Structure formats: structure tokens, C-alpha cells
Amino acid sequence: MKKLFFAGMVVAALSTNVFAVEHRAHNVSIGFSNTFADVSGDNIDVHGIGLNYHHIAENSEWGFGGTVEYTKQDDSTPTEYVEDTVVSVAVGPIFQPSDAKWFRVYPTIGYTSYKLKADTVNLVTDSKYHGFNLGMGAQITIPRTWLYADVNAKYHKITNDLFDDSNIWSLYFGLGYRF
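Residue numbers (mature numbering (1 follows the signal peptide of the UniProt record, and there is no 0)): -20 to -1, 1 to 159.
Take these hints with a grain of salt, some might be off.
[Claimed, not checked] Simulated restraints, written as ranges between beta carbons of each label pair:
hint : residue 1 : residue 2 : range
1    : Lys95     : Thr57     : 52 to 58 Å
2    : Thr105    : Ala5      : 27 to 33 Å
3    : Asp106    : Leu151    : 41 to 47 Å
4    : Phe159    : Thr100    : 45 to 51 Å
5    : Asn147    : Val69     : 32 to 38 Å
6    : Pro58     : Phe12     : 35 to 41 Å
7    : Trp82     : Thr57     : 45 to 51 Å
8    : Asp79     : Asn140    : 44 to 50 Å
9    : Ile29     : Asn147    : 18 to 24 Å
10   : Phe44     : Phe112    : 14 to 20 Å
11   : Asn23     : Ser78     : 40 to 46 Å
12   : Asp55     : Ser78     : 44 to 50 Å
13   : His6      : Pro123    : 29 to 35 Å
Honestly, the hints are just simulated from the structure, not real lab data. In this text, all values refer to a predicted model and were calculated from it rather than measured experimentally. From the three backbone atoms N, C-alpha and C, an ideal C-beta is built for every residue, glycine too.
Please put together the full structure from these sequences, using the hints given.
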């Protein structure tokens, strides 16, 4: 029964408008976000959620928008407590070529906050670290629907002794709706 319901929802979503040529200015996506970091030799893999919004005015190839990502990981054991939280907010322009309305690309720049709570043998801390992020993303419309796939990648730079020589990346995969 659940499979039949899911199949019906997919068919309804895909058949919302067979002739999807009307301009839709607002683009909103929600999806899975994953932050990867190599901090002082420790590999961190933090999962979470992301939300993107972009607006492109009618008869224009350019628009503006932003992204928000929240990832959190609890790496605690019975004897140690470790929790990583990464929040990033970014904004930037979006470009949609007039001859390829199904494709949009956007760069971003923004703010990143990394919070580390730890109570281990080697480290006891409840610290916040701040930095900036640079990213690039793309949106590809699913044919004959108002839905689109959204993917972006960001590089986060946090200037602090703990994060010196650290690479922090995040990837976002989302499903969006144009309205």
C-alpha cells in the first residue's frame, strides 16, 4: 500500500504541468548536507540538512539567493563526549542562460560557525570557531515538471590554531520546487 501511495505521489508530481514553459521566479530546495573536515589529524564527517532559495526575475538571466546548512554529529562513546556542529549561511548571484532555462549556476560567499563540545581524556572544551565559506552550485530542472535537482559544494576557511592546515568541505544535494 505504501509503495502504491508513493508511486501515485511521484506520478502526480511529474504530471503537474506537462508544458512547463511558464516563468517561475522562486526556487526553493531542501536536502541533505554533509560536512567533511580534517582537523588536527582527526577526520570529521558531519551530516545534516540544507535549504536553498533563489529568485530570478522574469525576462532576466540573473537573480540572487542564499543557502543555509546545518550539520551536527555526536561522536560520543560511553567514556567520552564529542559533538561537532557546523552552521553555514551564504549568499550570491544565480545565472540562468536564456537558451537553457533548465540549467542554473550560482557562486556563493558566506559565514561559517563550527562548534565543538568535547569531554575526553585529551580535551575538555565548549568552543565556537568562526570563518567564511566560498561555494559553487548548480540546479538542473527535471523535464516537464516544476521540480529540479540542486547540488553545491563549499570550502570553509576557519582561522584558528585548531584549524590551521585544515580542509573543511561541505556538499549539498537537494530537491527543489519552482513557483
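- Task: Kindly confirm whether 35 to 41 Å is satisfied by the beta carbon distance between Pro58 and Phe12.
- Result: violated (29 Å)
- Range hint 18 to 24 Å: satisfied by the CB atoms of Ile29 and Asn147? holds (22 Å)
- Is the hinted range of 14 to 20 Å satisfied by the C-beta distance from Phe44 to Phe112? holds (19 Å)
- Do Thr105 and Ala5 keep their Cβ atoms within the hinted range of 27 to 33 Å? violated (45 Å)
- Could you check the hint for me, namely that His6 and Pro123 are 29 to 35 Å apart, CB to CB? violated (20 Å)
- Is the hinted range of 41 to 47 Å satisfied by the C-beta distance from Asp106 to Leu151? violated (27 Å)
- Message: Range first: 44 to 50 Å. Now tell me if the beta carbons of Asp55 and Ser78 are that far apart.
- Response: holds (48 Å)
- Query: Do the beta carbons of Lys95 and Thr57 sit within 52 to 58 Å of each other?
  - Reply: violated (19 Å)
- Query: So does Asp79 sit 44 to 50 Å from Asn140, Cβ to Cβ?
  - Reply: For Asp79 and Asn140 the Cβ distance comes to about 46 Å; the hint holds.
- Note whether the CB distance of Asn23 and Ser78 lies within 40 to 46 Å or breaks it. At roughly 44 Å between Cβ atoms, Ser78 and Asn23 fall inside 40 to 46 Å, so the hint holds.
- Message: Just to be sure I understand the hint, the distance between the Cβ atoms of Trp82 and Thr57 should be within 45 to 51 Å; is that true here?
- Response: Between Trp82 and Thr57, where Cβ atoms are some 48 Å apart, the hint holds.
- Taking the CB of Asn147 and the CB of Val69, does the distance hold inside 32 to 38 Å? Hint violated: Cβ distance 20 Å, outside 32 to 38 Å.
The structure shown violates the earlier hints numbered 1, 2, 3, 5, 6, 13.
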